[in-house]
Amino acid sequence: METLYYNTGEMILTINYPIDESGHYCIETEYDTEIGHLFVDGINEATQTPIWKGTTEEVNQIAAELGEFIERSDL
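Sequence positions in the sequence shown follow my numbering and run 65 to 139.
Each hint should be verified, as a subset may be incorrect.
[Said to hold, decoys possible] Now the in silico label distances, taken between C-beta atoms and shown as ranges:
1) 119 to 66: 16 to 24 Å
2) 75 to 110: 31 to 39 Å
3) 87 to 121: 16 to 24 Å
Worth flagging that the hints you see were computed from the coordinates, not collected in a lab.
Where is the CB? At the ideal position from N, CA and C, for every residue including glycine.
Please model the entire structure based on the sequences and the hints provided.
Spelled out as structure tokens, the structure:
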């Protein structure tokens with residue numbers, strides 16, 4: 065499984081690349097505690113960019129930020 069590490073300023077999150085066709089990225093804390101999944105929920109028609117969503121409130125609050133980070137990475 066490929067991973068990225070994202071520093072929120074408060075903690076380091078691990079972003080695990082989807083291992084199945086769901087397209088969901090598993091988000092974990094630096095202590096290997098899963099806090100939810102991140103996925104593309106659609107495309108913004110005005111900007112033609114992905115709309116990122118989280119499966120939990122904690123992930124959903126930073127979904128756009130994490131999604132942009134993934135898009136800039138080579139994952």
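Tested hints:
no., hint, result
1, 119 to 66: 16 to 24 Å, "holds, 20 Å"
2, 75 to 110: 31 to 39 Å, "holds, 33 Å"
3, 87 to 121: 16 to 24 Å, "holds, 20 Å"
Violation of the numbered hints given earlier is absent; every hint is satisfied by the structure.
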